[in-house]
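Undergrad: Spelled out from the first residue to the last, the chains are:
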Amino acid sequence: MCDINAEKTYIADECDVVVVGAGHAGCEAALASARLGFKTVVFAINLDSIAMMPCNPSIGGSSKGHLVREIDALGGEMGKNIDKTYLQIKMLNTSKGPAVYSLRAQADKNRYKEEMKRVMEETPNLKIKQAEVTKVLAENGAVTGVVTSSGAVYKAKAVILSTGTYLKARCLFGETIIQSGPNGLKAASELSQSLMDLGIKLYRFKTGTPARIDKKTVDFSKMTPQYGDEKIVPFSFEDKAEDIARPQVECYLTYTNNQTHEIIRNNLHRSPLYAGVIEGTGPRYCPSIEDKVVRFSDKERHQIFVEPEGENTNELYVQGMSSSLPEEVQIALYRTVPGLENCEFMRTAYAIEYDCIDATQLKLSLEFKNIKGLFGAGQFNGTSGYEEAAAQGLIAGINAARMLQGKEPVILHRSDAYIGVLIDDIVTKGSKEPYRMMTSRAEYRLLLRQDNADERLTPIGHEVGLISDERYQRFLKKQELIAAEKERINSVTIGLRPEIQEFLERHHSTPLKSGARLSELLKRPELNYDILAEIDTTRPDIDSEAAHEAAIQIKYEGYIKQQYNQVKEFKKLENRLLPEDIDYNDVKGLRLEAVQKLNDIRPLNIGHAFRIAGVSPADISVLMIYLEQIKRASKTEGEE
Amino acid sequence: MKTAFLDDIIAAVSTPMGSGGIGIIRISGKGSIDIADKIFKSVSGVKLKDKPTHTITYGNIIDKNGNTVDEVLVSIMKGPASYTKEDVVEINCHGGTAAVKKVMETVTLAGARTAEPGEFTKRAFLNGRIDLSQAEAVIDIINSKTELSMKNAVNQLSGALSEKVKEIRSGLIDAVSTIEAAIDYPEHDIEEETYASLNKTVNQALNSVQKLIDTADMGKMVRDGVNMVILGKPNVGKSSLLNFLLKEERAIVTDVPGTTRDTVEEYFNIAGIPVRITDTAGVRDTDDVVEKIGVERSVQRAENADIILLMLDLSRVLDDDDKKLIDFIKNKKHIVLLNKTDLDQKAEENEINSLLESKNILRVSVKEQKGTEELLKLLEEILTSGTVEAGDGVMVSNVRHKNSLEKAAQALEKALNTIEIRMPEDFVSMDISQAIDFLGEITGESLQEDIINRIFEKFCLGK
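Residue numbers (the working numbering), protein chains in the order written: chain A, -12 to 627; chain B, 189 to 651.
Everything labelled a hint here was simulated from the structure, so no lab data went into it.
All figures in this text were calculated on a predicted structure; none of them were measured in a lab.
Hints should not be assumed to be uniformly reliable.
[Said to hold, decoys possible] Cross-link-like lysine-lysine pairs, in silico, DSBU-like; alpha carbons within 30 Å at most: (1) K559/A - K548/A; (2) K416/A - K155/A; (3) K104/A - K202/A; (4) K559/A - K273/B; (5) K595/B - K559/A; (6) K218/B - K558/A; (7) K548/A - K237/B; (8) K419/A - K473/A; (9) K534/B - K555/A; (10) K71/A - K464/A; (11) K266/B - K559/A; (12) K226/B - K559/A; (13) K602/B - K548/A; (14) K273/B - K558/A; (15) K559/A - K237/B; (16) K266/B - K555/A; (17) K534/B - K555/B; (18) K226/B - K555/A.
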């Protein structure tokens, strides 16, 4: 499709996999394919921006923490990297059910970048290049390589696009428009055209980030400190809490007030969004402070979290104060907030617009439907968030490698992982705004807990080749421990003794009428595994993670079973595969809308087809009959 | 959420409603014989699962309270030698809408799902029973029937039902979105739902859903006919009224009390709405054994009636039987006919009015056809103006909708229990979400997006 010789180009390298962009998606993608033995080249516009966090200095949080645990369970890097570089760790939602426990860490941004870059540099088969990729090369519907702005041609069998917010990026605040990528880095201005030439449809999204301010100019006495957990849980299943323990750094909470809102209202006309300068679609998930004030005008104050960007810097991130108002307005409004009266800006808040795709152009493997060997991952696919990006990067990297191995791609079901939900959502439904992971998107979330991510995914990671045999053996041992502890809890009986009754009374629990199994007590909402330690005298001294896992499985048995049954029903439809080459125009009896949607999305199976908006139950019946028809037809052929 | 199950147990009435001497309810799927065993008691005491395939067993359908629903013949056909190639049970019960409806209800309560249009045929095909050449015919059936039911569904959805379901759903989404917002944004100052407020929300929703379920029978009434019962003591003129309405001598009319010993069922039309009318044996305390069965049955019939015509005899003094009947109909749809105005009046009308506050009391003489025109007018008015419809004028007439409502009610009951035992809120959210999902089957809305949209409408969130 592209004549290499027509321009001043040279063949720089021949490799297996090229990764365009080295953000959180690109890093995981490049590491996965290199670790699986494929010669991989990863490009970044600036090597200092590898694994950069251009927005908030934190990893994890509700449902995003789940993604990181899943990435780790599959053999990805993000969990390990944040364990090395966190400033504070907190388990969120602990007063709620185990499904929504979520880990979140404040990260030291610079160290996070450095550590990730170091790991990449030390990984065999992986080359790291600072260059801007301007062209993707393809022949006969298959990708063949990329070209950089310096004319270097890298031939490759697979290319992963993880361009983040760099494509034709421009940053805006007030009347100021800067043609640049995030953080003042150069935008990638040429690649978009090359992608369009390949028939890829591009969309324009926007997002934003708050200002960074100087710690020396902030009065923390007017804010509420926010501490991390005393007993921390690591992100990586490979790390032990005691090995990564270190002093934690606090964050601070403060609030906006009427004065802040007044300034915003008086200057709304100067916001590029409200003035109509911004064309991109922004996420509801990261509203700017002006959005919040306009949309929730009755709210008297908004929370502001002041978070450190790192240990060796005075820069502070002001969470809750994203803005694209003019610089002088930003400064004025920040200074209305208690504690920030004298704050000095180090970096101005801005909105950023960029090109991305509607992910319905991808298969569930994250490969483009129409271009063999070309994959998309991360913000390029229309998502938002470091964790969402890393999860897709890992899957794209694995599947690029699987393609080169001649193996079936790894596709995680909605009932396997949040990663499965994420990819299924964006590929099936597309997204009209940057997509953020949320716990309410996972219909089987009681099964997709952060504590059992290893149980769900480590066997897959091992099969793929990213989990070492050694780690896999440790995993199996943990599973044995869990099973043994479950059996013990189910069999231990608690006698009708005065001290037991006293114990129960003390915990506002109904006294026993006769002896009971430990498991029955564990199932009481007011009791839990830790509380029961007092009367559970035969409890073995085993790995606490395994013990708590066993306890969760018993305590919530009824609910878990119910979700398993739902998954069983779900799987029946998921297991009815649709041939890849169906022309839905040939399927008699489908409604026109369904034909268009099915031809467009090209679902993998009946269940997948069912999730497409515009496909009705009757269409599904027709599809099942069609499947049966072709099955019988092929059988008859075979008999002849 | 859209649901499509491949091999759960489905059931449907396979004979036309309201016609024919027998009704057949067909059940198909793995486990259908177990379901039949749950609700069927054979006279010989043998279990269906122990019977060889392709046999017929005589016995009774028993509901969960142990009451006999109907006397039936049950045939079992074990797969693959059946129409669908799955285990199939056919229950032959008495014809007539009420009996068939009751048996069908018992079957679904025992765990079968009401079949989609054309679903038996679809399974027959998918399981290899029907020849490939017939595949297109199967698709046609599915499409035509779906189109028809979709048309009905659309008609119904444009109206009050959809509004009502959306309203219930919206209340639940509100509650769930608050819980979910607090989960997804643990550090934002969101005013969290208390168990008390959740309990209230869920209870309200459950009540509304329950009301809708109750109207399901009303909705069916329009389709399958209105079930009207004539009730009264012996010899107040019930059979004469029936004869008047049918304009033919159907019941035996004598002046010996208790002539009509069994119930008599007939059909007629008012303003195009089919009315099935049941004349019952006169109700009074009786020692006559044969008659006693008739009396019990008549009260039982009246219990399930859509409209009761209560006849009182003005020429006799009001007695305890009359008062009992007045009490019985008080909270049911009714018309009270004060009959025999042609004779000397002995009953105190004031007494009747003091016992029953009702607009629908008419003085008639059926014998002399006085006041009967007014009766017909009143009936037409009630049937067409929708006063029979319950629950804010909303009716559920589609079995699928009823199924979804019942499943939603179950999920809400579960939520109440989860609240009661003080499980963490996200479990409550899971139960409520399920209910929202089932309600969404009626309105065609998707759970996930609705909750997420509501979260961001309601709360100011994000970094």
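Undergrad: Does each hint hold? Answer for all of them.
TA: A quick look at each hint next to the structure:
1. For a cut-off of 30 Å, the pair hint linking K559/A to K548/A stands: about 17 Å separates their Cα positions.
2. Only pairs whose Cα atoms come within 30 Å are accepted, and K416/A paired with K155/A is accepted, the gap being roughly 25 Å.
3. Restraint check for K104/A and K202/A: the C-alpha separation of about 27 Å stays at or below 30 Å, so the hint holds.
4. This hinted pair checks out: K559/A and K273/B have alpha carbons roughly 19 Å apart, not beyond 30 Å.
5. A distance of roughly 21 Å separates the Cα atoms of K595/B and K559/A; the hinted pair therefore holds under the 30 Å criterion.
6. At most 30 Å may separate the alpha-carbon atoms for a hinted pair to count; K218/B and K558/A meet this at roughly 18 Å.
7. The straight-line distance between the Cα atoms of K548/A and K237/B is roughly 28 Å, inside the 30 Å bound, and the hint therefore holds.
8. Between the alpha carbons of K419/A and K473/A the distance comes to roughly 45 Å, so the proposed pair goes past 30 Å and is violated.
9. Simply put, K534/B and K555/A have alpha-carbon atoms about 70 Å apart, too far for the 30 Å limit, and the pair is violated.
10. About 25 Å separates the Cα atoms of K71/A and K464/A, which keeps this hinted pair within 30 Å; it holds.
11. Of the supplied pair hints, the one linking K266/B and K559/A holds, its CA atoms being roughly 23 Å apart against a limit of 30 Å.
12. A hinted pair counts as satisfied when its Cα atoms are at most 30 Å apart, and K226/B with K559/A qualifies at roughly 27 Å.
13. Of the supplied pair hints, the one linking K602/B and K548/A holds, its CA atoms being roughly 15 Å apart against a limit of 30 Å.
14. For the hint linking K273/B to K558/A, the alpha-carbon distance of about 22 Å falls within 30 Å, and the restraint holds.
15. The straight-line distance between the Cα atoms of K559/A and K237/B is roughly 27 Å, inside the 30 Å bound, and the hint therefore holds.
16. A hinted pair counts as satisfied when its Cα atoms are at most 30 Å apart, and K266/B with K555/A qualifies at roughly 25 Å.
17. Proximity of K534/B to K555/B is assessed by CA-CA distance (about 18 Å); at most 30 Å being required, the pair is judged to hold.
18. Restraint check for K226/B and K555/A: satisfied, since their Cα atoms lie roughly 25 Å apart, inside the 30 Å limit.
Checked against the numbered hints above, the structure breaks hints 8 and 9 and satisfies the rest.
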